[in-house]
Each structure stands twice: as structure tokens, then as C-alpha cells.
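Number of protein chains: 2
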Amino acid sequence: MSKIQIDKAYISKIEEAIENMDLDFLRTTLNNLHPADIAELLDEVAMDDAKHLYHLLEDNELAAEVMLELEDDVREKFLKALSSKEIAEQVIENLDSDDAADILSELSEEKMAEVMSHIEDAELAYDIAQLMAYGEDTAGALMATELVQVNVAWTVTRAVREMRKQGEELDDIYTVYVVDDEEKLLGSLSLKRLFFSTASMRSTISELYDAKDLTSVTPDTDAEEVVSIMKKYDLVVLAVVDDSGHLLGRITIDDVVDYMQEEAERDYNMASGISEKVESDDSLWRLTRARLPWLLIGLMGGVLVSQVIAMYEEQLSLDPKLAFFIPLIAAMGGNVGVQSSAIVVQGLANNTVDVRNIFQRLIKEMGVALLNGLVCSLILLAFNLITHTSPALSYTVSISLFCVIVNAGVLGTFIPLTLNRFKVDPALATGPFITTMNDLLGLFIYFYIGQLMYGL
Amino acid sequence: MSKIQIDKAYISKIEEAIENMDLDFLRTTLNNLHPADIAELLDEVAMDDAKHLYHLLEDNELAAEVMLELEDDVREKFLKALSSKEIAEQVIENLDSDDAADILSELSEEKMAEVMSHIEDAELAYDIAQLMAYGEDTAGALMATELVQVNVAWTVTRAVREMRKQGEELDDIYTVYVVDDEEKLLGSLSLKRLFFSTASMRSTISELYDAKDLTSVTPDTDAEEVVSIMKKYDLVVLAVVDDSGHLLGRITIDDVVDYMQEEAERDYNMASGISEKVESDDSLWRLTRARLPWLLIGLMGGVLVSQVIAMYEEQLSLDPKLAFFIPLIAAMGGNVGVQSSAIVVQGLANNTVDVRNIFQRLIKEMGVALLNGLVCSLILLAFNLITHTSPALSYTVSISLFCVIVNAGVLGTFIPLTLNRFKVDPALATGPFITTMNDLLGLFIYFYIGQLMYGL
Numbered sequence: 008m009s010k011i012q013i014d015k016a017y018i019s020k021i022e023e024a025i026e027n028m029d030l031d032f033l034r035t036t037l038n039n040l041h042p043a044d045i046a047e048l049l050d051e052v053a054m055d056d057a058k059h060l061y062h063l064l065e066d067n068e069l070a071a072e073v074m075l076e077l078e079d080d081v082r083e084k085f086l087k088a089l090s091s092k093e094i095a096e097q098v099i100e101n102l103d104s105d106d107a108a109d110i111l112s113e114l115s116e117e118k119m120a121e122v123m124s125h126i127e128d129a130e131l132a133y134d135i136a137q138l139m140a141y142g143e144d145t146a147g148a149l150m151a152t153e154l155v156q157v158n159v160a161w162t163v164t165r166a167v168r169e170m171r172k173q174g175e176e177l178d179d180i181y182t183v184y185v186v187d188d189e190e191k192l193l194g195s196l197s198l199k200r201l202f203f204s205t206a207s208m209r210s211t212i213s214e215l216y217d218a219k220d221l222t223s224v225t226p227d228t229d230a231e232e233v234v235s236i237m238k239k240y241d242l243v244v245l246a247v248v249d250d251s252g253h254l255l256g257r258i259t260i261d262d263v264v265d266y267m268q269e270e271a272e273r274d275y276n277m278a279s280g281i282s283e284k285v286e287s288d289d290s291l292w293r294l295t296r297a298r299l300p301w302l303l304i305g306l307m308g309g310v311l312v313s314q315v316i317a318m319y320e321e322q323l324s325l326d327p328k329l330a331f332f333i334p335l336i337a338a339m340g341g342n343v344g345v346q347s348s349a350i351v352v353q354g355l356a357n358n359t360v361d362v363r364n365i366f367q368r369l370i371k372e373m374g375v376a377l378l379n380g381l382v383c384s385l386i387l388l389a390f391n392l393i394t395h396t397s398p399a400l401s402y403t404v405s406i407s408l409f410c411v412i413v414n415a416g417v418l419g420t421f422i423p424l425t426l427n428r429f430k431v432d433p434a435l436a437t438g439p440f441i442t443t444m445n446d447l448l449g450l451f452i453y454f455y456i457g458q459l460m461y462g463l
Numbered sequence: 008m009s010k011i012q013i014d015k016a017y018i019s020k021i022e023e024a025i026e027n028m029d030l031d032f033l034r035t036t037l038n039n040l041h042p043a044d045i046a047e048l049l050d051e052v053a054m055d056d057a058k059h060l061y062h063l064l065e066d067n068e069l070a071a072e073v074m075l076e077l078e079d080d081v082r083e084k085f086l087k088a089l090s091s092k093e094i095a096e097q098v099i100e101n102l103d104s105d106d107a108a109d110i111l112s113e114l115s116e117e118k119m120a121e122v123m124s125h126i127e128d129a130e131l132a133y134d135i136a137q138l139m140a141y142g143e144d145t146a147g148a149l150m151a152t153e154l155v156q157v158n159v160a161w162t163v164t165r166a167v168r169e170m171r172k173q174g175e176e177l178d179d180i181y182t183v184y185v186v187d188d189e190e191k192l193l194g195s196l197s198l199k200r201l202f203f204s205t206a207s208m209r210s211t212i213s214e215l216y217d218a219k220d221l222t223s224v225t226p227d228t229d230a231e232e233v234v235s236i237m238k239k240y241d242l243v244v245l246a247v248v249d250d251s252g253h254l255l256g257r258i259t260i261d262d263v264v265d266y267m268q269e270e271a272e273r274d275y276n277m278a279s280g281i282s283e284k285v286e287s288d289d290s291l292w293r294l295t296r297a298r299l300p301w302l303l304i305g306l307m308g309g310v311l312v313s314q315v316i317a318m319y320e321e322q323l324s325l326d327p328k329l330a331f332f333i334p335l336i337a338a339m340g341g342n343v344g345v346q347s348s349a350i351v352v353q354g355l356a357n358n359t360v361d362v363r364n365i366f367q368r369l370i371k372e373m374g375v376a377l378l379n380g381l382v383c384s385l386i387l388l389a390f391n392l393i394t395h396t397s398p399a400l401s402y403t404v405s406i407s408l409f410c411v412i413v414n415a416g417v418l419g420t421f422i423p424l425t426l427n428r429f430k431v432d433p434a435l436a437t438g439p440f441i442t443t444m445n446d447l448l449g450l451f452i453y454f455y456i457g458q459l460m461y462g463l
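Heads up: the protein sequence lines correspond to chains E and G, in order.
At position 92 of the first sequence the residue is numbered 99 (the numbering used here), and the sequence of numbers has no breaks.
At position 240 of the second sequence the residue is numbered 247 (the numbering used here), and the sequence of numbers has no breaks.
These are computed hints drawn from the structure, not numbers from a lab.
Chain copies aren't distinguished; within one or between two, either way the pair holds.
Calculated lysine to aspartate or glutamate pairs in the EDC-like style (CA-CA distance at most 16 Å, straight line):
hint : residue 1 : residue 2
1    : K238      : D262
2    : K238      : D265
3    : K118      : E96
4    : K58       : E78
5    : K239      : D50
6    : K239      : E269
Go ahead and model the full structure; you've got the sequences and the hints to work with.
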């Protein structure tokens with residue numbers, strides 16, 4: 008499989024060949040490409056052309072891999088065009104269990120059941136059903152059941168023979184798992200160790216493997232913990248065992264990389280007020296739909312804020328200059344709130360925040376906020392006094408700026424920690440949500456202090 | 008090396024043993040831990056205890072690995088306590104070339120040169136110097152020179168013998184590179200393939216390896232492209248060659264995972280107004296320093312905005328109600344701006360944005376903004392008219408909201424694309440920067456339209 012750059016020139020060459028019905032050229036070209044490249048090509052050409060090209064794939068396994076690599080919306084259309092029987096036989100049966108489960112979970116309940124009933128390989132059907140039962144964002148959802156395992160009592164000769172059989176369907180083998188007669192995981196053996204071992208072919212696996220060099224998780228382990236374990240120990244593969252230690256499957260780094268990227272994008276989107284996975288070349292409608300909900304929340308917040316200010320209309324008529332600093336107060340509250348919650352959200356994602364010490368963290372955040380608040384409000388006070396803003400307004404702005412910064416810092420820390428404690432995604436606290444709330448509270452504080460300062 | 012959970016109980020047990028000078032226990036425990044766990048332990052205990060524990064490590068290679076895994080600030084202190092000769096002999100010479108280069112680049116120019124002069128392994132010194140010359144965020148900066156390569160003309164017997172020699176210093180081998188007599192890369196061979204091959208030991212490598220199954224990059228390839236290639240083809244390792252195809256080194260997935268995470272954090276921090284890498288358990292001072300610069304930018308923006316509003320003081324005295332909607336206009340401009348720039352920044356990071364089509368992208372963004380703007384301003388108009396806000400104010404708010412949303416959408420797309428074109432990190436455009444600019448422009452628009460509406 009050659010890997011090539013799918014650029015505009017390449018795509019036009021293919022489109023030309025489709026137009027000229029140059030099937031020989033297309034068939035030869037396509038069937039020699041890497042599935043990821045074929046998928047990229049199909050993503051780019053018109054849907055009819057894509058379906059046409061897909062039917063030229065000669066190898067079922069290649070076609071299944073291509074299906075897996077397609078963009079979600081393109082795959083959806085492809086799957087709709089196939090019968091349940093075709094999906095089972097052409098796609099599902101040619102994929103690893105974890106990828107098969109991923110594709111099945113994209114189908115409707117009804118179609119999923121139909122496809123499952125058409126899977127002929129009973130063991131695969133069982134594995135897939137098991138995998139689909141694991142909760143989202145758990146080790147179980149990331150793992151595949153295909154792996155290479157040897158019994159600790161086997162000789163090297165027998166182990167190699169069995170490995171050859173088991174490894175046939177695997178793209179590559181990174182680790183060989185060593186189990187006892189009850190299939191309990193005892194340890195692992197790298198191919199390097201087995202290959203370079205100077206032990207005789209008649210020695211047993213028990214003399215070769217390293218029982219201590221083993222890390223495993225259970226299927227209900229949080230996906231984020233899986234990421235942090237694999238990152239910490241630089242693992243390429245991680246074993247999954249049940250509560251009694253029986254080997255269930257293994258998680259490979261490529262799936263973890265995909266998970267990491269999705270998580271990072273989700274957090275980033277939340278912080279930016281985008282509610283679903285979008286790419287800048289998505290349709291106008293999809294882009295709008297992903298953004299409008301947050302804007303409506305912001306709009307509602309803005310209306311609420313207008314009601315808060317309305318309560319102080321009288322004060323505003325007395326000194327319209329009070330209005331000058333409304334955006335400053337609102338913006339600073341928002342900025343501090345986003346900073347604080349972003350630090351907590353990242354800390355929770357990296358497991359560096361100790362959730363038991365919420366109180367301690369709030370104290371520290373308050374320290375940071377006090378420092379930042381002091382610096383900002385003193386600078387602003389100096390500026391205002393120098394530019395002959397009235398003392399009443401100058402003090403009102405600086406005192407409330409200080410209060411707003413401290414308040415936003417504490418709320419920005421407290422809210423994501425609280426959401427997390429109640430098992431809600433803490434990233435919800437970032438973005439438009441926290442900005443709007445800080446606008447509201449900030450302007451309350453501002454006008455309240457103004458009232459005190461002007462002696463109303 | 009056992010892997011364990013470094014929790015509070017474990018840390019206290021170690022601290023107790025330090026207090027009781029239970030050296031035997033400490034030595035046995037430490038030297039049996041995984042370096043990543045030892046580093047985590049040293050990060051957690053007091054600095055004096057950490058240095059004490061570090062000296063109990065018996066194996067130089069283990070000690071070097073621990074040094075590598077320490078947190079940046081802890082490692083800085085450790086390195087300061089060691090002489091240049093000690094760093095060279097104990098740390099650098101026991102690490103892979105890429106890790107050695109990373110640690111060296113953390114030293115001052117002067118100390119770096121000293122350490123380099125103490126490296127006895129001339130080949131390693133040469134490799135490190137080469138690696139350090141590659142630009143940041145390139146394939147060269149991510150690669151290591153340690154790898155296993157075999158000549159295409161060798162017999163399997165000879166290849167295995169040579170691989171054993173070369174592989175001794177490597178933790179694990181994923182791929183064996185096949186080169187010609189001039190060390191030009193021809194292809195690769197997985198250990199699985201070699202291991203399971205039924206070819207005789209006297210057949211040559213040329214009969215076994217796959218020339219087509221090869222992807223490589225040059226050292227000046229952008230790190231983001233490295234990430235996207237490894238993700239696309241699910242690679243665990245990627246070869247680096249020079250312009251004439253000579254094999255220089257290889258990039259492993261663990262380094263790419265670290266790079267991805269750092270990049271995602273940097274973008275997220277930019278969007279949240281945090282200027283350097285911080286963790287929530289960093290010192291008060293460090294946390295403040297990372298956040299204050301952005302707050303000062305926000306403060307300056309706020310002062311500028313106050314000057315804009317001041318220009319319209321007369322209008323505000325005529326209808327103080329105009330002030331009610333200042334935060335709404337400012338917030339909506341900010342929200343739309345952040346959304347638009349976030350989509351562009353992510354698209355650039357994932358290579359899904361075609362930078363040649365800036366104009367096309369702006370047209371599309373304008374479409375999204377027109378839709379969102381229309382929905383939001385009509386809803387607001389309805390609300391205001393129903394709640395008996397004066398028609399002049401109602402129309403002022405809705406018309407300017409519409410203009411602000413369109414304007415913010417276009418700017419939010421245009422600015423990161425322009426920054427990127429001038430090789431500035433487009434993520435700079437997100438966060439407080441874009442919010443502040445949209446506040447300014449938004450309120451200009453608001454009061455200008457107000458002036459027209461009120462017929463001033």
C-alpha cells in the first residue's frame with residue numbers, strides 16, 4: 008500500500024478517469040493505495056463518484072478499512088446505501104472488534120440489531136456485543152479483543168506456533184500476553200525479548216517473561232486515566248482485565264491518540280462556545296447550528312444584564328459617566344472567570360487537581376485574584392485620577408473592579424469543581440456561560456458600590 | 008520495575024522511612040520502581056528529601072530516566088546541584104539522543120557547552136549537536152537517532168545478529184529499517200514479519216521487506232504535519248531521512264503524544280487568556296504572572312472602550328436607557344468573535360483549512376454570521392417591543408446587534424488567517440485580544456446607529 012499526498016491535482020486526475028470510464032486505471036490505482044488515502048479521496052469527490060469508486064475496491068478487508076476511515080457524514084451515507092447483510096458481511100466481519108463496535112454504534116437501534124443478526128462469526132458477534140455494553144469514555148469502549156496470548160507453561164516452540172496462528176489477523180504485534188491455565192494475566196513479553204532471547208526453543212515461557220513489567224486496567228476504568236497511564240509509562244499498548252484478572256482485551260495507542268484529540272477539541276469548543284464537532288469546511292447550516300445555541304444563551308444573559316442596569320436608571324441619569332465603565336467591569340469579570348475555570352478544567356483533565364481539596368484551592372485562587380485585582384484596580388485608579396475623572400466615579404470603578412476580579416476568580420474555580428463533583432463535564436463552566444454570569448454579578452457589584460459612593 | 012500508585016499514603020510511608028534513616032528499605036523500594044513513578048515521588052516530597060532519594064538510585068540509567076521524567080522546575084533544581092561533568096556522565100550519556108538534547112536545551116549556553124565537552128561518546132555528542140540544531144516544532148526536534156537498521160543485502164542470520172547488537176540499548180523495537188550500501192532508506196520490516204517469516208535463515212532481507220509500506224519525513228517537516236501523518240496512518244514510529252533519502256533517525260509515538268498535548272494546552276491557554284504553561288498547583292506567584300498580562304490588555308481595552316462611550320455622553324444623558332444594552336452588545340461581539348477564530352485556529356491546527364481560499368472562507372463565515380445575526384436580532388426586537396422598550400431604542404439595539412455579529416464573525420475569521428499567513432501563532436487572535444477588539448468596534452457601531460436612530 009503506497010501512501011501518497013491527496014492534493015487537488017491528484018483528485019482531478021481521478022475525476023478525469025471517472026469521466027472517461029477508465030476503469031482499469033482506477034482499479035489499479037485505488038487498490039494500491041493505503042485505506043486512509045482512499046478514504047481521503049472519497050471524502051473529497053462527489054458522493055456519486057465516491058460510491059462508484061468504493062465498488063471498485065477488490066478486497067473486502069481494504070473496503071472495510073476505507074469505510075472506517077471515512078468522515079462521519081460520508082460514512083453515514085455509505086452505510087445507508089448498504090443492506091444490513093452487506094454491512095455485516097463486507098464491513099463488520101472484516102474489522103477489529105473495537106472498530107466494528109464503533110461503526111455499529113453509529114447505526115439506528117433497529118438496523119444495528121439487523122446487522123448483528125447477520126454476523127456469521129459467533130465469537131466476533133459476542134465480542135462486539137460485549138464491547139458495546141461498556142460505558143462511553145471507559146477503557147472498555149477503547150479496547151479491542153484481538154490479541155496474542157501464550158500460556159506460561161508452553162515451550163517457546165509451541166508459543167511461536169500459536170502466536171503465528173493468533174497473529175495472522177493482526178496488523179502488528181507489540182506485546183505478547185502471558186496467561187495461566189485460567190486465562191488470568193500474569194505478565195507480558197515483548198516481541199523483541201522473545202526474538203533476541205538466547206534461551207533454547209525447548210525452554211518454557213515462564214523462564215522468559217517479566218511478571219513485574221505489567222500494567223493493566225479494568226474495563227470500567229475512566230478513559231482519561233487510560234490516557235494518563237499510557238502517557239506516563241510511554242506505553243504503546245495496555246492490557247484490560249476483569250476484576251479477577253482474566254485478560255479481556257488491549258488498548259492501542261492509536262485509539263488513545265484519537266480519544267485525546269477529541270477530548271481536547273471538545274474542551275476547546277466548549278470554551279469557545281461551539282456546541283458540536285464542526286470543521287471550517289462544514290456546511291453553512293451545520294456551522295450555524297453549532298454556534299446559535301451559545302449565542303442565544305449569551306443573548307438571554309445580555310437581556311438579564313440590561314434588567315440589572317435598568318434597576319439603577321435613576322443613578323445613571325445623575326451621572327451618565329457611570330456607563331463609560333460598564334464594558335470594562337463586564338469584560339474583566341469575564342476574563343478572570345474564564346482564566347480560573349480553564350486552569351481547573353485542564354487540571355481535572357490531566358488528573359493534577361486533587362478534588363478532595365476544593366477549599367484549599369479556593370483559598371489559593373483567592374490569593375491570585377487578590378494580587379491581580381490589586382494591581383489592576385490601582386493602575387485604573389491612577390489613570391482615572393490623572394485624567395480628572397471625578398473621585399466618586401474613580402473610586403467606584405476601582406473598588407468594584409477589585410471585587411469583581413476576586414469574585415470571578417472564586418466562582419471560576421468553584422463552579423467547574425462543583426460540576427465535576429456532580430459528574431457534569433466541568434468544561435461546561437467555561438465559555439459563554441461563565442462570561443454571562445460574571446457580567447450579571449459584576450454589574451450588580453458595580454452599581455451597588457456606585458450607589459454607596461454617590462451617597463444615594 | 009513495578010508500577011504503583013503514588014498516593015498520599017505511599018508518600019508518607021517514604022517520608023517516614025527518610026526520617027528514620029531506613030536506608031535499606033528506601034534503597035530496595037526505589038530501585039524497584041518505574042522511573043516515571045520515582046519521578047512522581049520526587050516531585051511530591053520536599054526538595055532536600057528528593058535529592059537524598061535521588062542519590063540512592065543505584066543504576067545510572069535509571070537515575071537518568073528519572074531526571075528526564077521530573078517536572079521542569081524540579082529538574083532545574085536537580086541539574087543546578089550537579090557539576091557539568093556529572094550531568095554529562097550520569098545523565099546525558101545514559102539517555103537517548105532526543106531526550107539528551109531536550110535536557111541540554113534547558114541549560115544555560117555556558118553550562119551546555121561545558122556539558123557537551125564532557126561527553127565521552129563522540130558519536131552521541133555529534134548526534135546531540137545535530138539534533139539541537141533543528142528548529143523547534145520540526146520533525147528534527149522530535150526525532151531520535153537510535154534505531155535498528157539492516158542492509159538489504161544481508162542474510163536473515165546476519166541481520167538478526169546485527170539487530171541484537173543495535174537493539175541492546177533500545178527499550179523496544181517496533182520497526183527495522185532496511186537501507187542500501189549508502190544508508191539510503193529503502194523500506195521497513197516489522198519484527199512480526201521477520202519473526203513469523205517462513206523464509207530460511209540464509210535468504211536475504213531483500214526477499215522479505217516491503218518497499219511500498221514506508222512513510223518518511225525530512226527533519227524540517229513541520230511537527231504538526233508529523234502528527235497528522237502518524238495519526239492518519241496509525242503509525243507507532245516514523246522514519247526521518249535527509250533530502251537525498253539517507254536515514255537520519257526516527258520519531259516515536261510517545262514523543263508525538265507529548266507534543267500534541269502541549270499544543271492543545273497552548274491553544275486552550277491562549278483562548279482562555281493564560282500566557283504560560285501553568286498547573287493549578289503551581290505557586291501563587293507563577294499563577295499570577297501567567298494571568299496578569301492578559302488582564303492588563305483587557306484593562307487597557309476597557310479604558311479605550313470607556314473613551315468611546317465618553318464621546319457619546321450627550322446622547323446618554325438624553326436616553327440613559329441606551330446604557331442598558333452596552334453589555335449585551337459587547338458580549339455578543341466577543342462571543343461571535345471567539346467562535347469564529349476558534350474554528351479557524353482548530354482548522355489550521357488540523358490542516359483542514361485551505362489557506363489559499365481566505366476569500367471563500369470569509370464569504371461563508373459571513374453567511375453563518377448573517378443567519379445568526381438575523382435570528383438573534385429578531386428575537387431581541389420582539390422581546391423589546393413586547394416589553395414596551397421605546398421603538399428608537401429597540402431598533403437601535405437590534406440593528407447594531409446584527410451589524411456587530413456580522414462584523415465580529417468576519418474579523419474573527421480574518422485575523423487568525425492573517426496572523427497565520429505572517430507566521431504568527433493564530434491562537435493569539437483568540438481570547439482577551441479578540442474580545443476586547445470586538446467590544447471597541449461593537450460599541451462604536453451601537454452608539455453610531457443610536458445617533459442615527461435618535462436623529463441627533
